[in-house]
Amino acid sequence: MLAVLAFGAVRASGALPPTGAPEARTTPLIRKIPSTGEQLPVIGLGSWITFNVGDDVAARNQCTEVVRAFVSAGGRVIDSSPMYGSSQETIGYALGKLAHPNVFSADKVWTSSQGAGQIEESRRHWGVPRFDLLQVHNLLGWDDHLPLLFSMKKAGHLRYVGVTTSHGRRLEELEQIMRKEPLDFIQLTYNPIEREPEQRILPLAMQRRIAVIINRPFNQGELLDDLASHPLPNWARDVDARSWAQLILKFIITHPAVTCVIPATSVPSHARENVDAARGRMPDAAMRKRIADTIASLV
Amino acid sequence: MSEWWTYRLSDFLMFSQRTYNRLFERYNHDVWPLHLVAIAIGVLILWLARSGQRVAGRVTSILLAISWLWIAYAFFWQRFASIHTYAKWFAIAFALEAILLLALPSAIRHPPSIVIALILLYALIPPRHETFGLAPDPTALATIVLTRWPLRIIPIAWCAFSAATLLAMATR
Ligand SMILES: NC(=O)c1ccc[n+]([C@@H]2O[C@H](COP(=O)([O-])OP(=O)(O)OC[C@H]3O[C@@H](n4cnc5c(N)ncnc54)[C@H](OP(=O)(O)O)[C@@H]3O)[C@@H](O)[C@H]2O)c1
Chain A
1 MLAVLAFGAV RASGALPPTG APEARTTPLI RKIPSTGEQL PVIGLGSWIT
51 FNVGDDVAAR NQCTEVVRAF VSAGGRVIDS SPMYGSSQET IGYALGKLAH
101 PNVFSADKVW TSSQGAGQIE ESRRHWGVPR FDLLQVHNLL GWDDHLPLLF
151 SMKKAGHLRY VGVTTSHGRR LEELEQIMRK EPLDFIQLTY NPIEREPEQR
201 ILPLAMQRRI AVIINRPFNQ GELLDDLASH PLPNWARDVD ARSWAQLILK
251 FIITHPAVTC VIPATSVPSH ARENVDAARG RMPDAAMRKR IADTIASLV
Chain B
300 MSEWWTYRLS DFLMFSQRTY NRLFERYNHD VWPLHLVAIA IGVLILWLAR
350 SGQRVAGRVT SILLAISWLW IAYAFFWQRF ASIHTYAKWF AIAFALEAIL
400 LLALPSAIRH PPSIVIALIL LYALIPPRHE TFGLAPDPTA LATIVLTRWP
450 LRIIPIAWCA FSAATLLAMA TR
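If you read the protein sequences in the order shown, they are chains A and B.
Per the numbering used here, residue 1 is the first one in the first sequence, and the count goes up by one each step.
Per the numbering used here, residue 300 is the first one in the second sequence, and the count goes up by one each step.
Source of the hints: derived by calculation from the structure; they are not laboratory data.
Cβ coordinates follow ideal geometry from the N, Cα and C atoms, glycine included.
Any given hint could turn out to be false.
[Stated by the list, open to error] One side only, chain B facing chain A, incomplete, derived with CB under 7 Å:
| id | residue |
| --- | --- |
| 1 | Thr305 |
| 2 | Met313 |
| 3 | Phe314 |
| 4 | Gln316 |
| 5 | Arg321 |
| 6 | Ser381 |
| 7 | Ile382 |
| 8 | Thr470 |
Model the full assembly from the supplied sequences, consistent with the hints where possible.
Shown next, in the form of structure tokens:
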């Protein structure tokens, strides 16, 4: 019920196209962070596995090309974590090489103790003066870390505070935290075959005015692997999707609660293709259902 | 953890196969021609196992200990640590095995030479060309066949971890 109401409210507010012929977008879709109204491009960039390349200069340069492609296509949000091996250092390397483009730095705290020390180390890896967003990774020690993050925000050392989960884990606990804490962001998994968040979490995020980052849009690539042997349906052209990846991203970003989705890639052309999913025509509610039903029947 | 059943092997893999292969490619490049020394050590161990000499066990345990210490430092501490959060713990475990090898030379046994020879041939397998004495997998395998309990515990644990990593990479 909450979900139905939320969808209706957003359609009325114009965030979703009305049912019928979708409009084409020439500029990439942007969404507002509810707590401040700041605008963000809806397609971001993840860094789990893809950017954990160690100190291999050739591989770091390849990742720099991914960031270059992402930023020049109009992307801004980059997500990482101290849990991702050398990914933070790779991002810092890329940002340095690209003369520090205007990205929205989203990192995490992932430790059962010593949050402040870990955050400072992460910041040094990124080479940024402060993080835009810090999230408690997988809700680990959230009751200890949130007071620290809120105090950093108050002191101006951080702009936004959030928590993350993934794979549909611990959604009940996430819901409780969303009800209790003044979060700016949550991050969780949502895609055409993992739709449980539509029931409670996404409507609640809209109600509580919490921005939503979506991780694992392709279930770490598995979804695309499973779809690879199936031709893209002709009707995907009606929403200007040129690939399964774009169709999935368009499905995700047109949920009204979603602020940003963060696919990871090691391929510059994939980064461009992903950002481009925020351009062109967008699916309406009927088309979203068609996308989800079709993909669910194929995988 | 109540949601443990939602985890899969691939959820614990934190690097891609390409990155893992590159790590070995660069390691092999950096340490060449130490491979020749490592293979010579392997051949010496093979010869000792056949010779049945009294000092064979002692010398084999020292040679294996040198290999384990080298891998702890040059592979885990210096290189694998750049892509794996817990690599330093693996380094410590490998150093501990080196100490155990030195402390328990009587736990050395002499398997059929063909088994050791096959492990030395591991280095020929592309793309990682993991060489006995330099890379953890063939060194752990050789140690399992060349020792008795309790010296087999750490090598078996490493082989289980490595098999899980290879399986996760293959099924991704
Ligand atoms: N608890 C948490 O906080 C949490 C948990 C999971 C994930 N995350 C975040 O969410 C991000 C995204 O999740 P994920 O990395 O697990 O998986 P994902 O984004 O669902 O999938 C990544 C895979 O998709 C492939 N891919 C991306 N764009 C593509 C395209 N246009 N065409 C074909 N293949 C494409 C990539 O391969 P190529 O390299 O070949 O492009 C990569 O292997 C993570 O990187 C991380 O930042 C957070």
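Checking each numbered hint in turn, tell me which of them this model violates, lowest number first. 4 and 8
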